[in-house]
Every structure is written in C-alpha cells, then in structure tokens.
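Novice: Okay, here's what each chain looks like letter by letter:
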Amino acid sequence: MPVINLWAKEGYLSTPDGNSIYFWGFAKEETGPALLPGPHIIAKQGETVTVNLFNTLSEPVSVFFPGQTAVMVEERPVQPQYINGRLKSFVNHAEPGGTVSYTFTPTHPGTFVYESGSSPHKQVPMGLYGALVVRPADYNPDVREYRTAYGAGTDTEFEREYLLITGEIDPQLHQAVEEGRPYLVNRYLPRYWTLNGRCAVDTMMMDDVDYLPHQPYGSMVMGQPGEKILMRYIGAGVDNHPLHPHGAHTRVIGKDGRLLRNGGTDLSYQRFTVLVGAGQTYDLIYRWEGLGFTPDNPIPTTLPNLRNMGIGDAGWTMWSGSPYFGVKGDIPVGVISYNEFGEYYFMLHSHEELQITNWGEFPGGMMTWIAIYPSLSPDIGVLK
Amino acid sequence: MATVRKRFGATDGWVVMPDSTRHYIFGFVDITGVPEDRIFEYRGRATLLAPLLQVYEGDEVYLTLTNLGFPNRPDLDDTHTIHWHGFPNQIPIWDGVPEASISVPVGRDFTYYYRPLDPGTYIYHCHFEPVEHIQMGMVGPLTVRPRLEIDLGGKFAYNDESTAFDREALVFLTELDAEPHYLLENVQEFDWTEYSPEYWLINGRSYPDTVRPAADPSLPMQPYSSLIEAYEGEKVLLRFVNLGYQQHSIQVLGISLKVVGLDARQLRGYNGEDLSRWRNAIFIAAGQTVDAIFTAPSAGIYPLYNRNWHKNTNAGKSFGGMITEIRVLPAP
Numbered sequence: 001m002p003v004i005n006l007w008a009k010e011g012y013l014s015t016p017d018g019n020s021i022y023f024w025g026f027a028k029e030e031t032g033p034a035l036l037p038g039p040h041i042i043a044k045q046g047e048t049v050t051v052n053l054f055n056t057l058s059e060p061v062s063v064f065f066p067g068q069t070a071v072m073v074e075e076r077p078v079q080p081q082y083i084n085g086r087l088k089s090f091v092n093h094a095e096p097g098g099t100v101s102y103t104f105t106p107t108h109p110g111t112f113v114y115e116s117g118s119s120p121h122k123q124v125p126m127g128l129y130g131a132l133v134v135r136p137a138d139y140n141p142d143v144r145e146y147r148t149a150y151g152a153g154t155d156t157e158f159e160r161e162y163l164l165i166t167g168e169i170d171p172q173l174h175q176a177v178e179e180g181r182p183y184l185v186n187r188y189l190p191r192y193w194t195l196n197g198r199c200a201v202d203t204m205m206m207d208d209v210d211y212l213p214h215q216p217y218g219s220m221v222m223g224q225p226g227e228k229i230l231m232r233y234i235g236a237g238v239d240n241h242p243l244h245p246h247g248a249h250t251r252v253i254g255k256d257g258r259l260l261r262n263g264g265t266d267l268s269y270q271r272f273t274v275l276v277g278a279g280q281t282y283d284l285i286y287r288w289e290g291l292g293f294t295p296d297n298p299i300p301t302t303l304p305n306l307r308n309m310g311i312g313d314a315g316w317t318m319w320s321g322s323p324y325f326g327v328k329g330d331i332p333v334g335v336i337s338y339n340e341f342g343e344y345y346f347m348l349h350s351h352e353e354l355q356i357t358n359w360g361e362f363p364g365g366m367m368t369w370i371a372i373y374p375s376l377s378p379d380i381g382v383l384k
Numbered sequence: 001m002a003t004v005r006k007r008f009g010a011t012d013g014w015v016v017m018p019d020s021t022r023h024y025i026f027g028f029v030d031i032t033g034v035p036e037d038r039i040f041e042y043r044g045r046a047t048l049l050a051p052l053l054q055v056y057e058g059d060e061v062y063l064t065l066t067n068l069g070f071p072n073r074p075d076l077d078d079t080h081t082i083h084w085h086g087f088p089n090q091i092p093i094w095d096g097v098p099e100a101s102i103s104v105p106v107g108r109d110f111t112y113y114y115r116p117l118d119p120g121t122y123i124y125h126c127h128f129e130p131v132e133h134i135q136m137g138m139v140g141p142l143t144v145r146p147r148l149e150i151d152l153g154g155k156f157a158y159n160d161e162s163t164a165f166d167r168e169a170l171v172f173l174t175e176l177d178a179e180p181h182y183l184l185e186n187v188q189e190f191d192w193t194e195y196s197p198e199y200w201l202i203n204g205r206s207y208p209d210t211v212r213p214a215a216d217p218s219l220p221m222q223p224y225s226s227l228i229e230a231y232e233g234e235k236v237l238l239r240f241v242n243l244g245y246q247q248h249s250i251q252v253l254g255i256s257l258k259v260v261g262l263d264a265r266q267l268r269g270y271n272g273e274d275l276s277r278w279r280n281a282i283f284i285a286a287g288q289t290v291d292a293i294f295t296a297p298s299a300g301i302y303p304l305y306n307r308n309w310h311k312n313t314n315a316g317k318s319f320g321g322m323i324t325e326i327r328v329l330p331a332p
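Residue numbers (UniProt numbering), protein chains in the order written: chain H, 1 to 384; chain U, 1 to 332.
It is worth saying that the hints were derived from the structure and are not from the lab.
One or more hints might be untrue.
Computed from the model, here is a short list of chain U residues facing chain H with C-beta under 8 angstroms [what the hints assert, rightly or not]:
{"no.": "1", "residue": "His85"}
{"no.": "2", "residue": "Gly86"}
{"no.": "3", "residue": "Ile93"}
{"no.": "4", "residue": "Pro98"}
{"no.": "5", "residue": "Glu99"}
{"no.": "6", "residue": "Tyr113"}
{"no.": "7", "residue": "Gly153"}
{"no.": "8", "residue": "Gly154"}
{"no.": "9", "residue": "Val187"}
{"no.": "10", "residue": "Asp191"}
{"no.": "11", "residue": "Asp263"}
{"no.": "12", "residue": "Arg265"}
{"no.": "13", "residue": "Ala286"}
{"no.": "14", "residue": "Gly287"}
{"no.": "15", "residue": "Gln288"}
Ideal placement from N, C-alpha and C gives every residue a C-beta, glycine not left out.
All chains, please: the whole structure from these sequences, using the hints.
Specialist: Written out as structure tokens, the structure is:
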C-alpha cells in the first residue's frame with residue numbers, strides 16, 4: 001500500500017526574470033524543500049493510498065482529492081472543519097505543527113489534482129497543490145496494450161506521458177503572506193503564469209536542475225514521429241487557460257479523470273486549443289507524423305539566404321538551421337542553437353497571450369515546447 | 001486542385017472606434033499581384049482584420065510575407081511571421097514561430113507553403129512577440145473549404161451534406177486596450193499583465209460600426225462588416241473565431257445555433273456518430289474556432305451580442321462593443 005508523506009512548508013520559488021517569490025508547498029520529507037507543484041502521487045486503481053500530511057505552516061492545512069470518493073480520516077469520512085462556527089477547511093486539517101492522515105482507494109483510473117482545502121482561495125494559489133495520477137488496474141508499462149491511460153481495450157495506449165499543471169502567481173499577494181499582512185484576494189492580479197510550477201523559459205529546463213530546488217518538474221514534451229504522446233493537463237490555479245499546441249491537434253480522451261466513452265460510443269474529439277478550466281483535468285493524445293519532406297523530397301519553396309532572415313532574435317533558437325527533420329544546417333554566428341540533432345520544436349502555450357510573459361515581458365509564463373526527435377531514449381517521458 | 005499564390009505585406013496603420021478615437025495598429029495588407037516597384041505604396045495601410053485567406057482542401061498555397069516596415073514607427077525594425085493556427089503536421093519552417101525557425105526582417109520576403117488537408121475555420125497571425133503583435137492587430141481569418149463543394153456544388157462547412165448552408169459570415173472576436181496602442185505609437189513600453197481592454201471588436205469593428213457596410217469609406221482600414229443578412233428559411237453558417245486574450249460568450253437573441261464544428265473538426269464521433277449540438281450561447285476561449293449553423297426565422301432583426309454585458313460598450317458607454325445584427329428579410 002503506497003504511503004505518501006507531504007510536509008506543508010514555506011519556500012522561495014524562482015522566476016526567469018530574477019524574482020524570488022515566497023510560496024507554500026508540499027515537501028516529500030521533513031528536511032526536503034517545499035515543491036511547486038507538490039510531489040506527483042502515482043497510484044493504482046483499487047489499491048489503497050495513505051497520504052500523511054505534516055503541517056509546518058502557521059495555520060491549519062489540509063489536502064482534498066477532487067474526484068475521489070470515500071476519503072477517510074481515522075476510519076471516518078472526511079468532514080468539513082469549523083472554528084468558532086466558521087468554515088475553516090473543506091476536510092479534516094492538520095493544525096500548525098500537527099498531522100492528519102487520509103486514506104482512500106481510487107476506483108477508476110485518470111488524472112486528478114490534490115490541493116489544500118483550508119482557506120483554498122489563499123493556500124492553493126500560494127502553491128499547496130499537486131497531481132494525482134491513477135493507473136488502471138491492468139496497467140503494465142512493459143506491454144504495449146497494457147500501457148494505457150484508462151485500461152486495455154480503451155484505445156488509450158501511449159508511448160510517453162507528461163503532466164502539465166497550470167497555475168498563476170500574484171507576487172504581491174505572496175509577499176503579503178510572507179510579511180503577515182492581509183491576503184486581499186479582491187486585489188488578485190497575476191503577473192506570472194506557470195506550467196509545473198515554472199515560468200518559461202525555465203519550463204524548458206530538465207527535471208531536478210539544482211538551481212530550481214523548489215521547482216523540480218520540467219515541461220518539455222518529447223517524443224518521436226507517430227508516437228502517441230499522452231499529455232495530462234491539470235488546471236490547478238484559479239483561472240482558466242486555453243492551451244494550444246502547435247504542429248497537430250490533440251485528441252481529448254479523458255476529462256476530469258473519466259474516459260470519454262459512453263458504452264460502445266467513443267466520445268473523444270480533436271482540438272487545436274483546449275480550455276483547461278480551474279480544477280479540471282484533461283487527458284489528451286498528441287501525435288505528430290509530419291508531411292514527409294526530406295532532402296530527397298524537398299520542400300517546394302526556395303529558402304532565402306539565411307543571412308537576410310531573422311533567426312535567433314532573442315539570442316537563441318530552437319531551430320536546426322534546416323527545414324528537414326533530423327538534418328542540421330547553418331545557424332548565423334552569434335546565435336545559440338539549442339537544437340541537438342535536427343529535432344523539430346512546436347510551441348505549446350496559453351493563447352491568452354499576455355500569459356506568455358514574465359510580468360509583461362515575452363517570452364515567459366505559460367509556454368513550453370513539444371520536441372519531436374528522430375530517436376529518443378525510452379526513458380524520456382516516464383512519470384516518476 | 002488549384003495553386004494559390006498570395007502576398008501579404010506586414011506594416012502598420014490606424015483604426016477608429018465609434019467614439020471617434022483613433023488607435024495605432026500593426027497588421028497585414030494584401031499586396032498580391034502588386035508590381036514590385038509599387039509595394040511601398042502599401043506601407044502604413046494595414047487592415048484590421050488582415051485579408052481573408054480562403055482556400056480549398058488540397059490546394060497548394062504559396063503565401064509570401066513581405067515586411068514593409070512601420071512608417072509610423074521607423075525606429076521599430078521588428079521581424080514578422082505568419083502562423084497558420086491549427087495546421088496539422090506542420091513543419092517548423094512554415095509554422096511562423098521565430099524561436100523555432102525564421103522571421104522576416106524589414107524589406108525581406110519569405111514564402112510559406114501549405115497544403116491544407118482538412119476543411120474548417122482557422123486563423124492566421126504573426127507569432128513574433130505574439131503578445132504584442134496579436135493585440136496590435138496582426139490577425140486574420142482563414143477558411144479551408146471542403147472538397148465536397150467542388151464535387152457536389154453548393155456550400156458546405158465540412159465534407160458532409162448535413163453541414164450544407166446558403167450563406168456564411170465571419171464572427172471574428174478580438175479586444176482592443178487603447179493603452180498599449182498609445183504607448184507603442186509613442187515609443188513606450190507596456191506591462192502586458194496590466195492588459196485591460198475597453199473596446200470589444202467583431203471583425204475589427206465595434207458596434208455600431210459593425211453594422212455598417214463592408215469597405216465603408218469612413219472605416220478605410222476596417223474593411224469587414226459583420227452585418228449578417230439572409231432571407232427567411234435560408235441556412236447561415238457563422239464562423240466564430242476568438243483571437244483576443246479573453247473568453248467570450250456570444251448569444252443571438254431569438255435564434256438557436258447548431259454547433260457543427262469546433263477547432264476545424266466536424267462534430268462526428270469516431271464511428272460517425274452525429275455529435276453536433278444546439279446552443280444558445282457560444283462560449284469560446286482565446287485561440288478556438290466554432291462553426292455553427294442556423295436557419296433564418298421570420299423576417300426581423302436579431303441582435304448578436306456578448307453575454308459578458310460589459311463587453312457591449314465602447315470605453316464604458318453603452319451600446320457598443322461586441323454587438324451586431326442578423327437581419328432576416330422576407331423570402332423573395
């Protein structure tokens with residue numbers, strides 16, 4: 001039976017424009033850093049999960065699990081908590097310095113969020129949220145037909161999978177919490193937008209880079225042509241975000257942890273923009289196959305002299321210098337190319353365009369890439 | 001299938017709102033077929049919306065972007081691109097994302113190639129510093145017509161006879177925050193997290209300009225009308241596009257809309273099930289498109305408006321903003 005320990009703690013997250021922002025997050029261990037988002041909880045359908053919450057913050061904290069039923073504390077269903085007759089938490093909480101232990105058994109596979117149910121208007125934007133992924137009971141990553149989001153026979157097989165959790169940050173409200181001033185939620189005005197707790201361009205960095213100790217999860221989506229890439233979107237903030245991947249439509253196969261199927265009727269659909277509402281989750285398959293252009297089947301236009309074109313205006317590019325997949329070309333002197341061996345990069349971003357800034361400066365915010373590689377280790381795109 | 005050759009210039013210009021305010025924009029202008037020695041006459045003549053790009057499924061589309069520069073901001077030498085929003089299996093060289101391919105400096109050309117394989121309602125826009133360039137007006141409509149129209153004659157939204165219609169209209173939604181337009185005109189920076197529009201536009205105009213005719217001489221840079229006219233009993237396809245930075249909820253008073261397509265995909269299940277649905281409000285997020293068909297009821301005026309009521313204003317004054325009219329005429 002999996003046991004997950006979450007330590008509610010304070011910490012400082014980093015933004016690419018050099019800001020350092022006080023936040024609250026869940027740590028994996030007592031001495032570990034608070035994380036944004038909290039550690040991924042990977043559970044299995046039918047297997048009981050215990051989540052122990054240790055609260056080191058100065059006010060009651062709880063964890064609730066939207067989409068899960070029969071969540072128990074001390075063998076009784078979780079209950080709202082009142083202090084002096086006023087609602088304090090949607091579920092049983094841990095007092096400052098205290099603990100609480102939740103137990104539940106996921107009855108169906110899917111993508112879910114977990115988040116604080118105590119003053120959630122403040123504690124969730126402060127960072128007390130994370131992802132819960134429930135594997136189907138027959139899940140077996142080593143066998144193709146059992147490596148699925150929703151179980152064998154549901155047409156939800158995938159080669160690789162990624163979590164993309166949206167959030168927003170109003171640094172002035174965070175600072176108010178840090179300084180013990182009132183949290184004036186009516187003045188909420190986000191300046192940063194996050195995927196997996198990071199703003200672009202940090203979203204492009206690998207997992208567990210040591211200069212982002214509180215933000216361990218990258219958001220680069222990587223795969224090969226034709227592969228089914230499962231993307232699990234979670235709306236963990238308080239706003240809705242229209243996520244738009246370039247290069248292909250996504251096929252929405254699950255929503256709110258439920259397979260899009262009624263009996264024998266497949267209700268999945270394709271979209272080029274998916275509005276991820278607050279608290280919603282989406283499971284999507286992204287598949288890019290390409291149009292078959294190669295040096296032997298060349299593109300039907302003539303590229304101008306690249307010295308006459310804009311390349312790497314930001315000082316860097318993700319481009320290979322060639323229109324062809326797996327081919328490296330020339331990049332102008334002075335431009336850094338992060339292209340490794342001719343892979344293709346497709347932007348994935350919020351189409352509320354102001355959200356792809358860091359406090360107004362593009363590029364930033366809720367933006368990352370889908371990178372399609374000629375070949376890629378099977379270890380990439382594995383949820384841990 | 002046909003070969004389509006188009007040439008769009010990127011430049012700047014001006015738009016006016018019904019309260020007589022004038023706003024600086026960036027945008028595109030159609031210079032297809034203009035002799036090389038005359039293209040600079042189109043500097044400063046960007047339109048909002050950008051020219052309609054309309055092609056058939058299977059066409060070969062060569063779209064040349066020429067950066068004409070900004071005569072009102074000669075210091076601003078931004079590059080530009082064209083991003084065909086929603087084009088499946090695109091390769092980066094024609095995807096218009098400058099961080100992953102090429103952008104076009106002032107005085108240069110670049111030719112994009114598309115072979116649209118799927119019909120539907122799409123969008124194109126500049127993807128260079130998209131926060132700024134999209135709000136400044138580098139946005140355009142793009143429709144891919146289905147092969148069925150060639151095979152059968154008549155008009156269809158998708159390759160399915162159930163999507164037949166008699167007339168079509170574009171309902172292209174954007175917002176305008178006057179402050180960044182003013183600041184960019186005056187070589188100043190804007191903090192985009194302060195974005196707070198006070199004009200809400202359909203096809204680049206705010207009500208009551210929306211119901212003026214197309215190519216109205218008082219609106220030289222805003223050539224699109226959104227006055228929708230039909231005879232009783234005709235089927236009308238509305239192609240909704242949201243290229244603003246807000247979510248919108250559009251209603252038509254007295255008319256229900258049947259949504260037949262979303263994001264350039266017909267609403268069909270994997271086994272062909274009819275998943276089209278009736279709606280009284282078209283809720284549409286930034287970057288989405290919706291295709292909806294209605295049958296024109298008895299003669300009269302049917303207002304189309306934004307149910308986010310504050311968006312039916314011009315700088316706070318009612319009525320304005322995202323309102324237009326569907327005028328149904330008696331059958332001839």
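Novice: Each of the hints needs a verdict: does it hold here or not?
Specialist: Do the hints match the structure? See the list:
A hinted interface residue such as His85 of chain U counts as satisfied when its beta carbon comes closer than 8 angstroms to some beta carbon of chain H; here the least separation is about 7 angstroms, so the hint holds. Given the 8 angstroms rule on beta carbons, the hint for Gly86 of chain U holds: about 4 angstroms separates it from the nearest Cβ of chain H. A least Cβ separation of about 4 angstroms between Ile93 of chain U and chain H falls short of the 8 angstroms threshold, and the interface hint therefore holds. A least Cβ separation of about 6 angstroms between Pro98 of chain U and chain H falls short of the 8 angstroms threshold, and the interface hint therefore holds.
For the restraint placing Glu99 of chain U at the interface with chain H, the shortest Cβ-Cβ distance is roughly 6 angstroms, inside the 8 angstroms limit, so the hint holds. Hint status for Tyr113 of chain U: holds, given a least beta-carbon distance of 5 angstroms to chain H, under 8 angstroms. Because the closest C-beta pair between Gly153 of chain U and chain H is about 28 angstroms apart, greater than 8 angstroms, the hint is violated. Hint on Gly154 of chain U is violated. Least Cβ distance to chain H is approximately 26 angstroms, over the 8 angstroms limit.
About 17 angstroms separates the beta-carbon of Val187 of chain U from the nearest beta-carbon of chain H, more than 8 angstroms, and the hint is not met. Because the beta carbon of Asp191 of chain U sits about 4 angstroms from the nearest beta carbon in chain H, less than 8 angstroms, this interface hint is met. Given hint, Asp263 of chain U at the interface with chain H, holds; its Cβ is 4 angstroms from that chain's nearest Cβ, closer than 8 angstroms. For Arg265 of chain U, the interface hint holds, since its Cβ comes within 8 angstroms of a Cβ in chain H; the closest pair sits about 5 angstroms apart.
Interface hint status for Ala286 of chain U: upheld, as the beta-carbon distance to the closest one in chain H is roughly 4 angstroms, under 8 angstroms. Among the interface hints, the one on Gly287 of chain U holds; its C-beta lies about 3 angstroms from the nearest C-beta in chain H, closer than the 8 angstroms criterion. Residue-level restraint check for Gln288 of chain U holds (minimum Cβ-Cβ distance to chain H is 5 angstroms; threshold 8 angstroms).
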